[in-house]
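Now for the letters of each chain:
There are 2 protein chains.
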Amino acid sequence: MKEYCFGIDVGGTTIKIGFFKNNGEVLDKWEITTRTENFGENILADICEALESKLVKEGISLDEIEGIGIGLPGPVLADGTVLQCVNLGWGTFNVEQKLSEMFHGIKVKAGNDANVAALGEAWKGGGKGYDDIVMITLGTGVGGGVIINGKILTGYNGGAGEIGHMHMQDGEEEQCNCGRHGCLEQYASATGVVRLAKRYMAAHSDEKLNEFGENITAKDVFDLAKEGNEGAITITKQMGNYLGKAMSHIAATVNPQAFIIGGGVSKAGSYLIDVVKDTYRETCFSACGDAAVHLAELGNDAGMFGSAALIIK
Amino acid sequence: MKEYCFGIDVGGTTIKIGFFKNNGEVLDKWEITTRTENFGENILADICEALESKLVKEGISLDEIEGIGIGLPGPVLADGTVLQCVNLGWGTFNVEQKLSEMFHGIKVKAGNDANVAALGEAWKGGGKGYDDIVMITLGTGVGGGVIINGKILTGYNGGAGEIGHMHMQDGEEEQCNCGRHGCLEQYASATGVVRLAKRYMAAHSDEKLNEFGENITAKDVFDLAKEGNEGAITITKQMGNYLGKAMSHIAATVNPQAFIIGGGVSKAGSYLIDVVKDTYRETCFSACGDAAVHLAELGNDAGMFGSAALIIK
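Note that the protein sequences, when read in sequence, are chains A and B.
If you're matching positions, the first sequence starts at -2 in my numbering and goes up one per residue.
If you're matching positions, the second sequence starts at -2 in my numbering and goes up one per residue.
Bear in mind the hints are in silico, worked out from the structure with no lab data behind them.
Treat the hints with care, since some could be wrong.
Identical copies look the same in the list; a pair holds intra-copy or inter-copy alike.
[Said to hold, decoys possible] Calculated lysine to aspartate or glutamate pairs in the DMTMM-like style (CA-CA distance at most 20 Å, straight line):
id : residue 1 : residue 2
1  : Lys274    : Asp167
2  : Lys148    : Asp128
3  : Lys274    : Asp298
4  : Lys54     : Glu169
5  : Lys13     : Glu169
6  : Lys234    : Asp167
7  : Lys95     : Asp76
8  : Lys148    : Glu224
Can you make the complete structure from the sequences, with help from the hints?
Okay, here's the thing in C-alpha cells:
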C-alpha cells in the first residue's frame, strides 16, 4: 500500500525535504545544499540520493511511496515544464518527467515555489479550512499564489499569482527587478519598505528614523510605527495602501475567501494586517469585503507542506 | 436519448431563450418580456411556459432534454443560490432548485450573466479555442467573467470577475453606482467615456468635441479619435490606459491566454483594442505579455450560448 510521500522545496541555497505519511503527518524533515554550479546539473541527482538514503534507513520500499512533490523557484507549467529557474541555473525542461525517470518511475508533481507555499498554507497553515485563498509572501520580493477549490491556479504561462509585479504606481522612476516601473514589489517587499522609508527621510526630518539612516530595515520601520512614531506610521500606511489596493484588484478578479500574508515582512504581525485591511475594505468591491486576512503559519515549511499536498491532495 | 437543452439569458427587460442540440447547434432562439412586477414572481413561470410550448410545438418529450442553463443579472453562488437580482426584483433563493421543481425536475444550472456571457464567448465566440480567458464587457457599466479550464470562476461570494469595480483611481470625487470612488466602470464604460470627455471639454477648447456638447456619446469620441481629433485621441487613450492597467492586474492574478472585449463600447473595434493593448503590454508582468486580445463575436447572444454551455460542456 502506498502510505508515504515526499514534499521538497528547492531554493537557491538549500533544498528542504519532508517525508510525509499520506494522512499529512510529517515523519521527518531535513535540508541539503543546493549545488547550483554547472547549470544546477547535480540538483536532481542530489535529491534522488537523499530520498534513496531515507528509504534505506527507514526500511521502506518504493512500492510504499505515492509520489514526490517538488516546489521550484521559477514558472512551472501545468504539464510539469519549468521555463527557467534562474536561481538554480536551469533552462527549460519537464522536471516531472526527468525526476521520475531518475527515481524509479515514481509519480512526480511540480509547482512554482510561491504557488506551492500557498497550497501548503491552504492545507495546514493560515488558510486551513478555506478552499479559495490567495497567499501573498512579503520577503525580499513579493510573491503570490492563488488556490481555487484547493488547487493551484497556474495560469497560461505559469504567471498566475505573480502579484509582486502588479502595476501599482504610474510615474515611478526606479526600475523593478522585472524591468518595469511601479510594481507592488517596489513598495510592499522588505526592500520596498526601505525605499519608502528613505524617500520619507529625504523629505522629512524625523529624529527617530534618522538614527537608523541608510541601514534602516522594514522591521525598524514597523517597530517604530508600533511605538507611535509619526513618520514610521506614514510609511507603514503607504505600504499598506499599495498592498490593500493590490488585494482589492485580486479580489475583483478571483474573489477569494481569505488572504494569507506571509514572508519576513509579515512578522510585523497584526499591526500590519490591520493597516492593510483598512485600504482593502475601502477599495474592494462590496461583495468581496468580508474576505478574511490571516497571517501565514508555516513559515519556511510552507513550501515543503505544499509540495507534499501536490501528491496527497 | 437526451439530445437537447435550453440556454436562457434573463435581462431586466427581455429574456432570451435558445433551443440547442447538445452538439452546440442552435435550433431556435426567441425572446419573451421580463415581467419584473411583484418582485419578479412571474419570471420563472413565464420561462416554464415558453419552454413547455416549445416542446409541444416540436413534439419533443422531456426525456430528450439534458437540462436548462440560465444566466441571471446578479451574483450566483456555485450551488445555484442567487444573492440578489435587483433588476428582477428578486431576493435570495436557490434558482436551480426552484426552476427544476417548476419544470419537471429537469437539471438546471445557473450563472451570473457576465460570467455566462464569458463562457459563451469562450465556447463559440471570440475566445473559441482558448481554455483560460477573461471577458470584459464594456456597456453602460463594465462587467467581467473569468473562465479557467473552460469553466466559470465564481469566487467565494460570486464576486469573481467583477472587474468593473476594480479600484483604478485615488481621489475620484464622483461616486460609482457601487458606492465606491474610482472604479474602472467610471472610466471604461460608455458613461465613463462620456465623463472623461466632459472633463476634457471643460478643461480644453476643442471645436469638434464641443459641437456635441452635453449630448456627446462614447461612439462620438471614438469616431472623432479615428478621424485624428487630438482631444478625442487623448480621451480614448485615458480610457484605454485605465482598461489596459486593469487587464494587467487581472493578468498578474490569473494569467489568461486571452482577453475578450465585448459590449456596446467595443464597437469602436480594433482601434480601441490597439490603444488598450499598448498600456497592457507596458504594465503587465512580462510572462503575461503575450495574452491575445480579441473582440467578442456573439453580441447579445453570448449569454444564451453560455447558458447552454453550462449544461452541455
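Violated hints, by number in ascending order, as checked against the structure
Hints 3, 4, 5, 8 not satisfied by this model.
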